[in-house]
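Colleague: Read off the chains here:
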Amino acid sequence: MRHPVLHWLLRLPRHTAFLAVTGGAILLALPFVAMLGGQAWVRILDLAILYVFLALGLNIVVGFAGLLDLGYIAFYAVGAYTWALLASPHFGLHLPFWVILPIGALLACLFGVLLGAPTLRLRGDYLAIVTLGFGEIIRIFLNNLNAPVNITNGPQGITLIDPVKLGAFSFSSRTEIFGYTLTGPQKYYFLLLALCVLVVIINYRLQHSRIGRAWQAIREDEVAAKAVGINTRNMKLLAFAMGASFGGIAGGIYAAMQGFVSPESFSLIESIMVLAMVVLGGMGHIPGVILGAVLLAILPEALRFGVVPMQQALFGKVLVDPESLRMLIFGLALVLVMRFRPQGLWPSPERKRELLAGREGRA
Amino acid sequence: MSATHDLLLEARAVSKHFGGVKALTEVSLTIRRGEIYGLIGPNGAGKTTFFNCLTGLYVPDGGGFTFDGRPLQADAPQRAAARGIARTFQNIRLFGQMTALENVMVGRHVRTRAGVLGAILRNRATREEEAAIRRRAEELLHYVGIADRAGDLARNLSYGDQRRLEIARALATEPKLLCLDEPAAGMNGAETEELKVLIEGIRKDGTTVLLIEHDVKLVMGLCDRLAVLDYGQKICEDVPAVVQKDKRVIEAYLGEVPEDA
Ligand SMILES: Nc1ncnc2c1ncn2[C@@H]1O[C@H](COP(=O)(O)OP(=O)(O)OP(=O)(O)O)[C@@H](O)[C@H]1O
Ligand SMILES: [Mg+2]
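Residue numbers (the numbering used here), protein chains in the order written: chain A, 141 to 503; chain B, -15 to 245.
No wet-lab data here; the hints were simulated from the structure.
Take a look, some chain A residues computed to stay more than 12 Å from chain B by CB distance:
1. Arg151
2. Pro153
3. Leu168
4. Ala180
5. Pro258
6. Leu333
7. Leu408
From the structure, some residues in chain B lie toward chain A, with a derived Cβ separation under 10 Å:
8. Arg63
9. Ala70
10. Phe73
11. Met89
12. Gly91
13. His93
14. Ala98
15. Gly102
16. Ala103
17. Ile104
18. Leu105
19. Ala154
Pairwise CB distance ranges (calculated):
20. Pro489/A x Glu112/B: 23 to 33 Å
21. Ser407/A x Val43/B: 37 to 47 Å
22. Val475/A x Pro26/B: 47 to 57 Å
23. Thr156/A x Gly80/B: 20 to 30 Å
24. Leu485/A x Gln57/B: 39 to 49 Å
25. Leu101/B x Thr156/A: 22 to 32 Å
26. Gly294/A x Ala116/B: 48 to 58 Å
27. Ala116/B x Gly164/A: 28 to 38 Å
As the structure is a prediction and not an experimental result, all values here were calculated from the model. Virtual Cβ for every residue (Gly too), placed ideally from N, Cα, C.
Using the sequences provided together with the hints, build the complete structure.
Modeller: The structure is reproduced here in structure tokens:
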């Protein structure tokens, strides 16, 4: 019998198979190429791919079920702090990752349900406001839960967090494989890549299932969805809980990878960033969401590495710091995309058709 | 068959008010299994409101329904669908950006069970169920006569086809009672004739039909019995021949009911 992957590849149309093979090869080679530019670039790749994971989690909520969530980063925070508290000297706990990750996902899921159950009757803007508030509440809790009992260590955050470890194999240190030295960030890259492939498959399969159709139906016409017997409240809650779980997993990996978490990593702007990745890329369209996440994750880093030396060369000093420039470009990009490509950079074919039809209809 | 077994739906003194507007005042009626039952009345008489109460979109202010021998829970449209009540909407409500086929597939939701785990793992049971959903949806598109539009987005279908698609989606839920809210609205003569054949076929295949319709000719020709609403009150319930001659009905319609219909 042929290997299932090979079988799958052979069944694809030729150019798709070609794309899959070259894409796969590029993804595998990427951390080695990035290494030529230095360890920092591999870390950037890691973050980018983590954002892809996060954006795909949010895509379930926003893209599939059509629920505007402005507090998504709260679930990421829950996952990150779960890891930080269960695997650091802070409490002296050092649980293995296969215990912490499910706990983090479950806790995030629980928070998702806690937030969702009372609020999912709200629509659009109202839901957005409540989720926004929720995101801030979580962050403020993390900031202040250092007294009377020190749980989160407040604004200082938690340091010396354990890396992801598989027995003796740690993802943070170097290992020799086939005479090549694999650095920590490179190993995380492959871990994250594997997780991302998994979440892409999950996204895709959900979308093309009974559940995915129900979500889309709710998004399109909630009354009609109810009339055909879809329990809209439960389905929305399900989307919320699933999105939250993925956020929790991403948060856990983030804490392990950075070795440090503090509340300021989970501010509102992060929620907005992830949402922007989903919307800019093409809501509900998996390749679009990936594109959006990669672009928005790489952009600021590229600026940091490109703009500072460039300004120094041109003006002899740094006139505009990269952080302000990043927000400037981010804002500009949002405005431009919303003005000229409201369907996102890479929308699903149906959505594109719809917007085009709308435009023709108006003309 | 006993009389109680014969009854599919019993509405008991259903009332619904919107502020000062008495959309329904103690409307009682009974629908028997296998009949085509008409609900007519002038604009604003409360016909659609009756549908909304029946299908759980509105909670009645008074009264209630017994369906298939058991009371219907108010305020739970998804339960109503599960119990076997399906409907179409006066102002068509399709899932516009989904294909015609997908619209009908959504209609199978309530009769299928694959959950998240099944969707992710795509185990044999899920794959088989999915294939069955698709097959049934294709059959239904064929049944209502729009099989050739299966891959088109619902929003791009013609008006008449959209009405048919709504019926197919409703039938996908395997209803015992199919409620149609002005299915012929906006259709031309030929389309209305086809619709009539379709509704008769649906009844023949064992589904009871509750029909709201303004097209008096269609109603009189199709329905076994009908009720007339006027200002939220039932003013008459009988076979078409009797209803046509009813004085209050003629008054309500100001002579709109043609003698020869
Ligand atoms: N959601 C609502 N809020 C306020 N008033 C309503 C609502 N729905 C219906 N009504 C009012 O209730 C009355 C009955 O409306 P309904 O839509 O049931 O009439 P109808 O018989 O279906 O009329 P048509 O033949 O025009 O469809 C009308 O006066 C209408 O304005
Ligand atoms: Mg009406």
